[in-house]
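Asker: Start from chain G and add chain Y according to the hints.
Residue numbers (my numbering), protein chains in the order written: chain G, 332 to 733; chain Y, 25 to 387.
Treat the hints with caution; some may be incorrect.
What the hints assert, rightly or not - Distance ranges between label pairs, derived from CB positions:
(1) Y:LEU340 with G:PRO508: 45 to 51 Å
(2) Y:VAL64 with G:GLU619: 34 to 40 Å
(3) Y:PHE79 with G:PHE510: 40 to 46 Å
(4) G:THR509 with Y:ARG103: 56 to 62 Å
(5) G:THR509 with Y:VAL64: 29 to 35 Å
(6) Y:SER160 with G:ALA519: 51 to 57 Å
(7) Y:VAL64 with G:SER549: 43 to 49 Å
(8) G:ASP544 with Y:ILE43: 44 to 50 Å
(9) Y:PRO102 with G:TYR667: 47 to 53 Å
(10) G:THR509 with Y:ASN72: 29 to 35 Å
To be verified - Short, incomplete list of chain Y residues facing chain G, as computed with Cβ under 7 Å:
(11) GLN66
(12) GLU258
(13) ARG352
Treat the hints as calculated values from the structure; they're not laboratory data.
A virtual CB, placed ideally from N, CA and C, is assigned to each residue, including glycine.
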Amino acid sequence: MSDNKHNSDFHKLHHTELLTLNMGPSHPATHGTVKFLITLDGETIEHLDVEVGYLHRGFEKECENQNWNGVFPYTDRLDYTASALNNVGYALAVEKLIGIETPDRCAYIRTIVSELGRMSGHYTNLAAGALELGALTAFIYFVEARELLWDVIESVCGARLTHNYVKIGGVFSDLPPTFEGDIKRVFARNRELWDEFAKLLLRNRIFVDRMRDIAPISPEDAKAWGFTGPCLRAAGVPYDVRRAQPYLKYDKLDFEIPIGETGDNYDRFMMRMEELNQSMRIVEQCIEQMEPGPVNVNDPQWRQPAKDNIYTDMESMIFHFKNAINGVQVPKGEVYFPIEGANGELGFYLVSNGGGKPVKCRVRPPCFQLTSAVSFLVEGAMLADLIPTFDMINLIGGECDR
Amino acid sequence: MNSMTGDLLETVVKIAFVIGLNLGFFAPMLGWVERKQSAVMQDRIGANRAGVFGFTFIGLLHSAADAIKLIFKEDFIPRGADRMMHTLAPVIAVVPALAAFAVIPFGGKFELAGHNVNLVIADLDVGLLFVFAIASIATYGAVIAGWASNNNWSMLGGLRSAAQMFSYEVTMGLTIIGLVMYYQSLSLVVIAEKQVDFWHWGIIYQWPAFILFLTCAIAENKRIPFDVPEAESELVAGYFTEYSGMKFIMFWTAEFIEVVTISALCVTMFFGAYHLPFISPDMLVSIFGGGDFGAIVAMLIGIGVFVAKICALIFLQMAIRWTLPRFRYDQVMALGWKIILPASLIWIFLTGLAILLGLMPTV
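Okay, chain Y solo, but in the shape it has when bound:
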């Protein structure tokens, strides 16, 4: 009984940590990063007005100001819209983005006071499949939003997002088959553990998979250059044209969290998860004197490393978003089906061949 309560408590703490990290830290920070990084890239100053008693904290308070403003805005539902679906759509968009985090390990396994602590909410054997399954649900958010708004622009955006996201889902799954073959596991926890040796980081043998996966993931997330479903110069705002206030901010939050999720997945699969290069968690525990104290310090370092790596990949995604122009709708589809899909199939073949010939030893 006691141990069950303990397990429950542990899971609740982990869920609270992940949700807090995403909604409390990453989502508002990304609003700031998006503004400031674009400003740096464009020789501008960027947001620096919102402040408390004259202290602006280099524009950090703008996210809070945005949130407050949008919460107090009118929640507008257009005439003829399906009220229930219109309300449901942003929820469907935001929840899967968070849920995907359940299987991503964020700090490794430690023994704490005789209790095994595994820093992942759900240690699933098929973690990667779970991520893709959950990601497919997010598609419905955009599609339903487009359909339920009773607006032609929204409908076009919804149709575009349906076609785009379904196509890229198929491709995204195939891009990392090579990686799965290399690690011989679908579990993100196992994949993360196997990268304790720097030379087993996914990026070293599987860098083509990384490029293909990141491309597909950005397309799934509908950000520039793949933002045809919202394409503000063509479709006004695409599927969320008719959204305002909190529902609007939920779509944005979903997008930002997906940026984090993509980064977290890339870190877990390609960049050594929560590991420092050449230093294993066990070494960290012993460096800091072993025992509970060593475990806690090593755990915190692991989480810190994980978050730092995520931040680096977020910067990469932001740089892509602020550099490239937008594809045309049919070009996005052509890229997905005619280039990335064959390329990932070729990469699966090459990985298989390399493993068979012993050129790429599996771990």
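Just chain G, same shape as in the assembly:
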């Protein structure tokens, strides 16, 4: 099609040519390292090819050389803006394969860290979206919100970015006693920051003009491209893994799934804004419903036993060594378990032959499918529209390229 247009009378008459432009892999807008091969007609995008894979680190192959618990630090580096979600997704998949259920308190804690992870992912995405439209002040507001959130996460697991908090059959440790107070304080401040961010952007004519009706997608197209998560819901499809196939404690919690209308960038932006509020609600409900109790499966075969037990209990002593040397012996079989990641459906497909290491650990990264639709979304739009569109698609290099 572009050839036809190029050879049209207009272009011949005016001696114009199409401009081929390499955008990335080191371009300010291609965070996460991706390359666009763009054919431009003036400022209009005639054709766009997305080239992914610059951040490929062999995650899936690496997992085959780790024991089942050793995979967790690698999952942290998938969607590094929301690493708790990856931990949770992988742990749930392995537990489904084994066939164990974690204690109530553990499920609540995992729900909480999932939502904190989702919030940090959304904060990063929305802040970057504002930044790329030139609104640096709004960016800093949400970076502050994310930093406050990370302070809490740090008090939980000792790390800010790559948490490595969830383990097979439990979590690394119980929540600290200060957690409830910290959450209350941080959420109060984050709600203020949310308001300020919204005031700076949502009724700003420049921002609305840049986002509204840019790169819309119909529900049918969105489903056909394999969209999930906020981008799918922005198109009006009420699909959320947390509702469709509830896991953890999501069936006991009261939260709403925001739905968009047009599937444009503004809707994608608003989905994430609203999900921030819903995530805060979920965390607060979890804290309310949570009761004291064990946070780990009481079975040394799956979960590292407590230090006391190692010295007093034979079984614990044995598995303490066995699991450290050979890894958890996950029964033979295969499993696919999806959770709602920050970007959409994050699925882990695991195959075990009964040994201490996964034979296959395949990830369904939500943003790979989203990224594949970028050219569909922006062809015919202007070069400047690519930037907010690509940001709202939210490619995370670590997750997409693995």
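Answerer: Positioned in the frame of chain G, the structure of chain Y alone reads:
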């Protein structure tokens, strides 16, 4: 002969003062203001590391550190670039920005030792036309930089700046026609003198012109929200992507000086120039005992007032720059041609009507 030497000396002193004020005070200070004001707006501390023997002077030394760093950087000219044009472009950008100051009065007229001192470098009858003429030349800096760099991003930036700046030039000229009709003069010196009465300040009757003019002027200066020619998230750095070292800092200096020029023009046309409200320079001279001493004090107060007003408008421009997101290229053009141009034409019509009906007495 003597008087000619005196005139020459006077002009040289005034030129030195204006260039010193711009390059020595405003340009480095704006680097600091930009950092610190954005920091205040964003709940940050801002630049506070560069210092001498541990004294950081609230980050003031960062501009000096920047300058030293950039002077010693490699001056890189990409392969295939037009070497001469590539070098010339930043000069073309920075010189007109300074030259526009020649017609802006910065302190009024005084009699000093029997010699008439007019605090303006060139008292032109068509000062405003001169400003616009000079401002058009600055456009070439960006366009040539974009073309000479042999880089697609630069070229896109250059094209955008060409389209944007040419469009807004047309509009900018029209936005202040109403003001010219009100003051019945194109000379900035005359306009400044006529604002000695507070009720004749341009902002009072001509505030729509101020809003339109400031919008156009920021667009001319290519700062957020109109920074599509450099748009760092789209075009890397637009027309100055391939610039480094001193040439890079020259583009920044040009931008900062233009911020000052815009403020100075706004002050001169809308905010009473170098006048204090309700106190004329003559009153100041007599308050301070008349004679040469009174004249010198009044002169210094005038310059101080002028600089203070410029600073206030710089703060306004910085606040705009750090609040708003960026337009899209076609939206900038639509705003210029479809909104500001008709609005300024309507304002010219309304001003004319008001003057005709006696609602807006000309001064």
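Asker: Each hint should be assessed against the structure and marked as holding or not.
Answerer: These are the hints, each one checked on the structure:
no. : hint                               : in the structure
1   : Y:LEU340 with G:PRO508: 45 to 51 Å : holds, 49 Å
2   : Y:VAL64 with G:GLU619: 34 to 40 Å  : holds, 39 Å
3   : Y:PHE79 with G:PHE510: 40 to 46 Å  : holds, 43 Å
4   : G:THR509 with Y:ARG103: 56 to 62 Å : holds, 59 Å
5   : G:THR509 with Y:VAL64: 29 to 35 Å  : holds, 31 Å
6   : Y:SER160 with G:ALA519: 51 to 57 Å : holds, 53 Å
7   : Y:VAL64 with G:SER549: 43 to 49 Å  : holds, 45 Å
8   : G:ASP544 with Y:ILE43: 44 to 50 Å  : holds, 49 Å
9   : Y:PRO102 with G:TYR667: 47 to 53 Å : holds, 51 Å
10  : G:THR509 with Y:ASN72: 29 to 35 Å  : holds, 31 Å
11  : GLN66                              : holds, 4 Å
12  : GLU258                             : holds, 5 Å
13  : ARG352                             : holds, 4 Å
Hint compliance for this structure: every hint is met.
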